[in-house]
Amino acid sequence: MNFTLPQATVDAREVDALILALTLASLAVLALVFGLMARYMVKYRAGSPIDRGKPPQKTWRLEISWTVATLAAFFGLFIWGADLYVRLFQPPANALQIYVVGKQWMWKVEHPGGQREINTLHIPIRQPVQLVMTSEDVIHDFSVPAFRIKHDVLPGRYETLWFTVEMAGVYHLFCTQLCGEGHASMIGQVVAMEPEEYERWLGGGAKGETFVEAGADVFRRHGCAGCHGDQGAGGIGPALAGLYGAQVKLTDGIVKADEAYLRDCIMTPQKRRVAGYPEIMPSFAGQIDEEHLLKLIAYIKSLK
Amino acid sequence: MKGAAVTVGIAAPQESYLTDGTTLKSWLFTTDHKRISLLYLATITFFFFIGGFAAALIRYNLILPEGVLDSPETYNKLFSLHGVVMVWFFLVPAVPVTLGNFLVPLMLGARDLAFPRLNLLSWYLFVLAGLVALYALVAGGVDTGWTFYTPLSSFYSNGHVVATVVAIFIAGFSSIATGLNFIISIHKLRAPGMTFYRMPVFLWSLYATSVILVLATPVLAMTLLLLAFERIFRIGVFDPAIGGDPLLFQHLFWFYSHPAVYVMILPGFGVISEIIPAFSSKQLFGYKFVVWASIAIAVISFLVWGHHMFVAGTSLYSALVFSILSYMVAVPSAIKVFNWIGTMHKGWIRFDAPMLYAIGFIGLFTIGGLTGLFVAALAADVHLTQTYFVVAHFHYVMVGGMVSAFFAGLHFWWPKITGRLYPEIWGRVAALIIFIGFNLTFAPQFLLGYLGMPRRYHSYAAEFQVLNVLSSAGATILAVGYLLPLAYLGWSLFYGRRAAANPWRATGLEWTTPSPPPTENFSTTPVVTGPPYQYPCTEAVRNE
Chain B
3 MNFTLPQATV
13 DAREVDALIL
23 ALTLASLAVL
33 ALVFGLMARY
43 MVKYRAGSPI
53 DRGKPPQKTW
63 RLEISWTVAT
73 LAAFFGLFIW
83 GADLYVRLFQ
93 PPANALQIYV
103 VGKQWMWKVE
113 HPGGQREINT
123 LHIPIRQPVQ
133 LVMTSEDVIH
143 DFSVPAFRIK
153 HDVLPGRYET
163 LWFTVEMAGV
173 YHLFCTQLCG
183 EGHASMIGQV
193 VAMEPEEYER
203 WLGGGAKGET
213 FVEAGADVFR
223 RHGCAGCHGD
233 QGAGGIGPAL
243 AGLYGAQVKL
253 TDGIVKADEA
263 YLRDCIMTPQ
273 KRRVAGYPEI
283 MPSFAGQIDE
293 EHLLKLIAYI
303 KSLK
Chain G
14 MKGAAVTVGI
24 AAPQESYLTD
34 GTTLKSWLFT
44 TDHKRISLLY
54 LATITFFFFI
64 GGFAAALIRY
74 NLILPEGVLD
84 SPETYNKLFS
94 LHGVVMVWFF
104 LVPAVPVTLG
114 NFLVPLMLGA
124 RDLAFPRLNL
134 LSWYLFVLAG
144 LVALYALVAG
154 GVDTGWTFYT
164 PLSSFYSNGH
174 VVATVVAIFI
184 AGFSSIATGL
194 NFIISIHKLR
204 APGMTFYRMP
214 VFLWSLYATS
224 VILVLATPVL
234 AMTLLLLAFE
244 RIFRIGVFDP
254 AIGGDPLLFQ
264 HLFWFYSHPA
274 VYVMILPGFG
284 VISEIIPAFS
294 SKQLFGYKFV
304 VWASIAIAVI
314 SFLVWGHHMF
324 VAGTSLYSAL
334 VFSILSYMVA
344 VPSAIKVFNW
354 IGTMHKGWIR
364 FDAPMLYAIG
374 FIGLFTIGGL
384 TGLFVAALAA
394 DVHLTQTYFV
404 VAHFHYVMVG
414 GMVSAFFAGL
424 HFWWPKITGR
434 LYPEIWGRVA
444 ALIIFIGFNL
454 TFAPQFLLGY
464 LGMPRRYHSY
474 AAEFQVLNVL
484 SSAGATILAV
494 GYLLPLAYLG
504 WSLFYGRRAA
514 ANPWRATGLE
524 WTTPSPPPTE
534 NFSTTPVVTG
544 PPYQYPCTEA
554 VRNE
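From first to last, the protein sequence lines are chains B and G.
Heads up: the first sequence begins at 3 in the numbering used here, then just goes up one per residue.
Heads up: the second sequence begins at 14 in the numbering used here, then just goes up one per residue.
Hint data in this document are derived by calculation from the structure and do not stem from the laboratory.
Don't take each hint at face value.
Pairs of lysine to aspartate or glutamate residues, derived as DMTMM-like cross-links and limited to a Cα-Cα distance of at most 25 Å, are as follows [claimed, not checked]: (1) B:K105 - G:D83; (2) B:K45 - G:E437; (3) B:K105 - G:E79; (4) B:K105 - G:E86; (5) B:K105 - G:D258; (6) B:K110 - G:E86; (7) B:K110 - G:D258; (8) B:K306 - B:D260.
Please put together the full structure from these sequences, using the hints given.
This is how it looks when you write it as structure tokens:
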């Protein structure tokens, strides 16, 4: 029985430091509370002959001081936890993007090169990895305790999660959001490998189309070029080349074109209308499933 | 001190609310708040043991990594049943509808609640809700967990979601009626001289609780109605496949369900604030601070629902705001703990069963509160949420805290309610067994959660087994601890010694009337001339 958890990421060490600090602070408060209670229970037990004197009547100074002390301690803990949280969820720009689709009851993973796997995620170490995640049915949650991270995976939305793993190894992957009968079996493993080994792994086995190639297929099949032009050059609809990451002017504001925005444009085009173009884009909801959508978006992202 | 209980006044009242009519009809159609309180006590005891039985099966299943029960579906239905029954049919109503119903008029110096018939209707609604819930259970159960997250509950679940939701919907009406009854009674029925600042803290805490119930329950009711509509008529509210938003449900659900945690715990605070002064023979330390802490909790509790969603896909900024607000709501709770301990300072402390339960409450609630800080700290929550750490945390608050407080109150007012004394030694033994059993059950789960074991898993990785077995062993002790009071309190109904009007030498109007009280509560309307908790401190007790 092992009572420790591997710290496979830098964040893991930082989260552990926070949890340790919280534990020590809690133990100190517990010692104070239990200590005072025990002391009073013995000292002031009925029948104990000790002189109790006059009980203090004025209380507000004591009240104010412990309230302020509590507030100050809480504020410190808030800052610590919040600072780390912000860093946990701000991915660096150069992260390797891997796509994850949750489905009752399995994790489907696709690497940018088109390699697919189920309930296993191979990643290189010492390199930021960003997961782009969505669900085909209910809410799932991608959790790797050894990395101290988790995030819900929602149907109809993209959520991302990033980490840099430092230690090669095999780690538990859990679904932590109740997702139906097979919830407890929706588990898998993350295999963290040396970068060279990861490259070798990518090369081995049956290699299908790359993500971008598959996405180009989807683009052609659904006739996107009819409006957006070959290679997304533009035309009736807005140009797609160079769109990813740019600021887009909408009829009611400006938005950064990230995966979630691209997804909205395809599935619910009426929701965020691009300024200067007629409202003729049809919704593709129900026509493209999540896996193909991921590929289509990867293709659009590749258009420079 | 034990002798005091019988020597002060042995004269058992000839006429009491218990002897005023003995037919079934006189109970089922009563409008007497005291009788309704007993009807409720029987009902929630029944649900407590149903929910407890499910908990026992859950812990039994987790002895082996691969699970003992035959299917994951059965397991999912068990923990859903456990959650639904315990939350809506025990924890939320328990203290208000039993102790609250019995004591509000007595503490106010009133003849009854403001609306006695509405009170009876609340009980019938509650029973109806319970029957519908039991129907859902017998017909096949529900497997979504007590939180009913969409779209699992709206489209993918095979369980009886609609029936369960209807049961909770009906129970909500019962809550609202009870809350309104308390608010209006407290405003209108206080005895002459009883200003708001002369009210016992128990009444203040029920007042704050009732405000939450009246404001938050309708939101839950509407949310569940929308869920039922989505499931039956396929209207897209929460499911993105038909144009809904899966996070909307969580926002609406937690807008009720976080304040509901305080509905469970605030009345417990009230009970403890009565017991600690009584058994310390000392006035409550910082009365006004304790009172306003209750009000502060009621207000801030509406602003913290988002802390259930730090990894659910809400924005960074909302997470920051909800984190700091969650720390704010913990401050008033901390104030109360300090004040209870301050009350014991220079007191004349007796360790009767209610006091032991109350001290157990302070210990367990403090652990529950402190571990709440872990999950309010954003980055720590990312690792700990949805694991057994959270399971342990909220069981410390809701079971270690609220159930201990309920037991403390039940033992404290048992002589008043029944006119009988229970065997004191068994009360103390049970309090001790519950405290030990509880810690053995749930303390290992903190570690289990840190190590990453997800909650709601029917089977688990073998490395988690030792801690799970430890927890299940603790649960066995806890079960014995919970069965004991059922036995000796039941025994006392028939064989217990008669109780005097004020067996604990406590203050408060409820102790000035005989035990058990007559139907009309007081022979003459009491007049209040001073603040509560005027304990003569030590002298009277010292000379025993």
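Let me make sure I understand: some of the numbered hints might not hold for this structure. Which ones are they, in numerical order? Hint check: nothing fails, all pass.
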